[in-house]
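Given chain X, put chain P in place with the hints provided.
Number of protein chains: 2
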Amino acid sequence: MKASQTFISTLKEAPADAEIVSHKLMMRAGMIKRLGAGIYNYMPMGLRVIRKVEAIIREEMNRAGAVELLMPVVQPAELWMETGRFQAYGPELLRVKDRHDRDFVIQPTSEEVITDIARQELRSYKQLPRTFYHVQTKFRDERRPRFGVMRGREFTMKDAYSFDRDKASALKSYDTMYRAYCAIFDRFGLTYRAVAADTGAIGGDASHEFQVIADTGEDAIVYCPTSDYAANIELAEALSLIAERAAPAQAMAKTPTPGKSTCEDVAALLGIPLASTVKSLVLATDEKNEAGDIVKTTVWLLLVRGDHALNEVKAGKLPGLKGGFRFATVAEIEDHFGCKPGYLGPIGLKKPVKVVADRTVANMSDFVCGANEPDFHIAGVNWGRDLPEPDLVADIRNVVVGDPSPDGQGVLAIQRGIEVGHVFYLGTKKYSEPMGATYLDENGKPQPFEMGCYGIGVTRILGAAIEQNHDERGIIWPDAIAPFTVAVCPIGYDRNADVKAAADQLHDELAALGVDVVLDDRGERPGAMFADWELIGVPHRIVVSDRGLKTGTVEVQGRRETAANTVPLAEAVAFVKGRLKA
Amino acid sequence: MKASQTFISTLKEAPADAEIVSHKLMMRAGMIKRLGAGIYNYMPMGLRVIRKVEAIIREEMNRAGAVELLMPVVQPAELWMETGRFQAYGPELLRVKDRHDRDFVIQPTSEEVITDIARQELRSYKQLPRTFYHVQTKFRDERRPRFGVMRGREFTMKDAYSFDRDKASALKSYDTMYRAYCAIFDRFGLTYRAVAADTGAIGGDASHEFQVIADTGEDAIVYCPTSDYAANIELAEALSLIAERAAPAQAMAKTPTPGKSTCEDVAALLGIPLASTVKSLVLATDEKNEAGDIVKTTVWLLLVRGDHALNEVKAGKLPGLKGGFRFATVAEIEDHFGCKPGYLGPIGLKKPVKVVADRTVANMSDFVCGANEPDFHIAGVNWGRDLPEPDLVADIRNVVVGDPSPDGQGVLAIQRGIEVGHVFYLGTKKYSEPMGATYLDENGKPQPFEMGCYGIGVTRILGAAIEQNHDERGIIWPDAIAPFTVAVCPIGYDRNADVKAAADQLHDELAALGVDVVLDDRGERPGAMFADWELIGVPHRIVVSDRGLKTGTVEVQGRRETAANTVPLAEAVAFVKGRLKA
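First to last, the protein sequences are chains X and P. Numbering-wise (our numbering), the first sequence opens with residue 15 and increments by one. Numbering-wise (our numbering), the second sequence opens with residue 15 and increments by one.
So that you can see chain X by itself, here it is in the shape it has in the complex (with noise of 0.2 Å):
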C-alpha cells in the first residue's frame, strides 16, 4: 500500500490527559483519538494493528475448535435478571432503556446470552463439549477510565465460552483454550507469562491470566525464574520463612515506644530488624438474621511479620471470614483492644478476638508486638510462653522477592504485568443452574452444563505491546502485530526517476510475497518520514536513496537496531524476507 492511500497523522506532542507511554504513544502516533472519556476512535494505523490481532486470535481459536458467532452489544435485562447479575453488577454496567421502557445493558460479556443460547441449542450430551466465541464489542462504565486502552470504558473482547457434560470434560476444554492461548500470544510476539489466578467465589482450581511482561504493569506476577511456577500476587503461596519455632532466649518486656506506631518505626527505635517485628490487622465480620440484622460482631486480630503484607484475597478464603469481612472500626477495635490502633498486639486483650497467625509469624520467637496501650511494645514474646497458640496458622500474606518457591524448586522473583487475558473455569454453580441450562445425559436425565469462559482484551493488546515495547522515537511493534511490517522510504520519490523505480519495485515484490509493506509516497523530508515510521513502530524500514543506488545499495534498519544495513538492490526483498518472523 502507498501511505498517501490510507491516513497517517502524528503528534509531536502527547495531550495533557495521557499518562502512560503506551497513551501517549498511541494518541502521538494517531493510532487512537479521543472521543469521550475512556471512548475511543481507532484510526486508520490503530485498526490495522486491531484486525491483525483478531485475525491471530480467530485463526487459533478455530484451530482450537471453537466456533465463531456474533452476540449482541445491546441485551435485554431480563437474562440478566436470571443470574442475578443485573442487581449485583455495579455502575460499571451501562443500563439503558428502550422506547417500551423496557431495560437492556450494553454488554460487558456475555455469559448470560451464550447460556441462553446453549440451553436451547445443546440439548444433548452428544453435542458437547462445544466452544463457542466472538469478538465484539464491550463497554465498562468505569469510574475513573484512563491509560488510553488500557482501562477504557468502550473496547473490544474476544471471549470464549465452554460447554461440557463433566468437570474432567471441562478442565479439558480449559487447557485446550490455555493452549490456544499460549499460541496467540507466542504468535503476537510479546513477552507474556500465564499465572495462575485466583478462583474467587467461584472455587476450584482453574484460573489464568494471562500477562503481559512491562515495568508499568498494575499487576504484581511472582514466579520462580528455576521452575515454571508462576502466580498472581494474590494467589502465589508463601511459605514459612522460619522452619521450626526456637525455644525463648529473651524475658517479655513491656518497652515505652512514643509515638511509633508502625513496625518500621519501632524497629528503628529499638535497633532491631524489622523481621523480629509482628503486624496486626484487625477485621471484623458480621452474622445477620434473615431480616438482615446484625445479630452477632466477630472481631478478628491477623498478625504477619513486621516485613510482610496482608493478602486480603487470601484471607477471604479462610474458614469464618470466606462469608465476607470487613475492617474493623476504631469504637470497635478500642471495644475488644483497649487501645487505639498503632499499638495493638495478640496480648493483654479484653474481650475474646480471633487470633490468625501467618504461618511466618508462627513460628517467630522473641517477636515485639504492640501492647495494647498507647505508645508502647512489647518485646521478647514467645507462643505458648507468653500468649496461647494462634487460632489459626495460615498463609495470610503477600509473597516477597527471595521467598521459597511453593514448588521447592528455587525462590521467587516479581515482576510487573499486564493482564490481556484470562482463561477461567466457571463449574454449574454461576450461570448454568440459575439459568436452568441443561442437556441431557445417557439417561435423558437434565444435567447442569460445567461451563468456562476465556477472554481476551483485543484493544488493550495493543497498549500492553506497546508498554513492552517502545523507546524514546516511539513504538516497536512485533512484526505479527504491526500496523505495516516494512515501510519502504524513498528519498526524493517524485523526483527522482531512479529513486521511484527500485522503490516501487520494492514495494511491489515484496507485496506479491504477502508481505504488508508501506511505500512512503507523501514526499515527505527524510528526517519527517523515518521519525513518522518510528513513532508508528514499523519494524524494519527500507530506505532508497540515490546515494545509495549510485552504489546498487539500499540501506535495511530493524526498528531496533541503532545503525542500517547496506544491502545490494537485488538483495534486499530476500534481505528483509529473511528477518521477518513467519
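Hints listed in this document are in silico derivations from the structure and should not be mistaken for laboratory results. Heads up, some of the hints might be wrong.
If chains are identical, the list can't say which one is meant, so a pair holds when it fits in one copy or spans any two.
With a cut-off of at most 30 Å between alpha-carbon atoms, the simulated DSSO-like pairs for lysine-lysine come out as follows [stated by the list, open to error]:
1. LYS514 with LYS26
2. LYS47 with LYS140
3. LYS274 with LYS368
4. LYS514 with LYS140
5. LYS444 with LYS111
6. LYS310 with LYS459
7. LYS268 with LYS595
8. LYS186 with LYS16
9. LYS111 with LYS47
10. LYS444 with LYS181
11. LYS336 with LYS140
12. LYS364 with LYS274
13. LYS354 with LYS181
14. LYS331 with LYS444
15. LYS186 with LYS336
16. LYS368 with LYS310
17. LYS16 with LYS310
18. LYS354 with LYS443
Positioned in the frame of chain X, the structure of chain P alone reads:
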C-alpha cells in the same frame, strides 16, 4: 472445513413470529437466533455470510481509496447536540446516561463523530478529498421491529463519509462511491438497481438507493426497460399524459351521486372511464409567529386524476408547501368547501383555497369532480370556462406502469425492491456548518467541508439476498456470499473407507484451491444431510457414494439444478471449479 467443526442447527418449522420468507429461512437454517425484539444472535452459519459480505465491501471500499477506521458504538450526546440531531431524532435514537448522568447515544449512524474527526484532522485543502468508512454495530429503536434482519434494531452497517473542498469535487467522491457500490453489488451476485432517490431537506441532486430486486420488497422502483432511467417512486417524474388540453365538448352538469364518495364509485355509477374523474385532496399549512403560535392557516386543494395517487414527497417540494404541511381537518374542509370530504372539488369554494393541479389534470377537459355538495358531483367541467386556471400546475402524483419515461426513451415499468445501500451528497448545511468543520483553502480562509455519506446495511444484505434467491427447499446463496461454496456430502462417511477417502480428497483438493468447502462428516442420513445443505443454501453439492464410486463417479449438483451431473471422480474438482463464479 468439516461440518463437525462448525455448528449446524436447522429447524423443520419457522417460529410463528417470522412473517417473511427470509426471516423464516434464516431462523430455520440456524443463521440467526432471536434474543429480543429486533435483536438477533448471529449464529455461525449467518456470521460466515456476514464476514463474506464485509470482506467484499472492504476490498471495494479500499480499492476506491476510502480509508477504514472504527468509531465507537456509544457516543457522547454533546456532538449530537451540535447538529441538533439529539433533539430532533425521534425515539428511534437510543439514549443512555452514564454513571455520572452524562448523555450518550447508541449510534444509529456516525456523521457527527466523523465530522468531529475531520474538523480536527483535515486542516488543509491539501488533505482533501478524503473518504473514511467503518463497519460497526448500529442501533435504531424501531417502533415495530420485524422481518428479522430486514427491520431489526441492532444491525451492522458500513457507513462511509467523504470530505471535499467544493461541490464539484464532492460529486466526484460521490461518483467514486457510486461505482464502488456497483462493484460491491456486482460481486455479491445479486440482481439490483441503483435508483435516483429524493434528497429531502438537503436539496441537491445526488442521492441513489441501491435496491435488491425482490417481489417482496417494500419499495417501488420505477425504471424504463428501454433506457437506463431508474428512480424510486418518491422521485420518479410523472409527465402529463395529455399532450394538450382539448376544447370543451360538454356542458357542465351537476349530477346526483348518492353515497358515491370515491372516484371509482362515481365512474362506475356514471359509466365513464376512471381517467375522466379528478380526485381532490385537501392540505393545510400553518404560519407561526416567533412565539410559535399559529397566525395564519392556508388551505390547499391538490387535484390528481381519479386513477392516480398523490405523491406527498413531491407535494412537499412545492413553493408554499415545502416548509411542512398537514392534511386539513374535517372542520377546515367544511369551513372552506361547505361540504364534508368525499364530494369535494375546485368549483364553488366558500373561502379562498390554493388550487394545485397535477400536470395531467391541468390538461383534462370535460372532467368529473365533486360538487362541494353532499351526494353530488359535477360532470363536463372545463378549466377556464367553468373555473379559473389552477394557481399552480406541478408533478404531484406517483407514476404508474406505462407512463412515458421522463427521458423520452420509452415507457415506465415498476418493480419491487429492498433498499440495502444509499449514497447521498450532503453538502455543507447539515453537518459541517453547524459543527464548524472547516479546512483552510489556498488563501488560508476557513471553508466548510462539502460532505457525502454512503451506507450499506451489512446484515440486511442477508435478508435481501434470500428474498431474491430461495425456493421451497430453502436459501440459494450466490457463490460469493454463501456460508460455504461447496458441500461435499459423503454417503456412509463413517463406514465406507472408499467413500471417506474420496470425500476427504475432494475436500482437501478444493480447499487447497481456495474454495470454501465443507465436508459433511456428521453421519446424517442422505435425506437429512441434503435437506440441511439445501436449507442453508450452499450453492454447489458433491455427493460421494459407494454406488457412484463403483463406476468411478460422483454427483455434482448446483442448488438451482433439478438433476445431478455425474462426473468422473478424477475430474470432479476441475468440474466444480469451472462452475464457480470468480
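Each hint tested on the structure:
1. LYS514 with LYS26: within (28 Å within a copy, 62 Å between copies)
2. LYS47 with LYS140: between (48 Å within a copy, 21 Å between copies)
3. LYS274 with LYS368: Answer is within: at 25 Å inside a copy they meet the 30 Å cutoff, but 96 Å across does not.
4. LYS514 with LYS140: between (62 Å within a copy, 22 Å between copies)
5. LYS444 with LYS111: The answer is both: 26 Å in one copy and 29 Å across copies each meet 30 Å.
6. LYS310 with LYS459: Result: close neither inside a copy nor across copies, 43 Å intra and 76 Å inter.
7. LYS268 with LYS595: Cα proximity of LYS268 and LYS595: none, with 67 Å in one copy and 93 Å across.
8. LYS186 with LYS16: between (47 Å within a copy, 21 Å between copies)
9. LYS111 with LYS47: both (29 Å within a copy, 22 Å between copies)
10. LYS444 with LYS181: within (14 Å within a copy, 59 Å between copies)
11. LYS336 with LYS140: neither (38 Å within a copy, 65 Å between copies)
12. LYS364 with LYS274: within (22 Å within a copy, 102 Å between copies)
13. LYS354 with LYS181: neither (49 Å within a copy, 78 Å between copies)
14. LYS331 with LYS444: Within one copy only: 18 Å inside, 60 Å across.
15. LYS186 with LYS336: within (29 Å within a copy, 68 Å between copies)
16. LYS368 with LYS310: within (14 Å within a copy, 85 Å between copies)
17. LYS16 with LYS310: Cα proximity of LYS16 and LYS310: none, with 73 Å in one copy and 61 Å across.
18. LYS354 with LYS443: neither (43 Å within a copy, 70 Å between copies)
The structure does not agree with the numbered hints 6, 7, 11, 13, 17, 18 stated previously, though it agrees with the rest.
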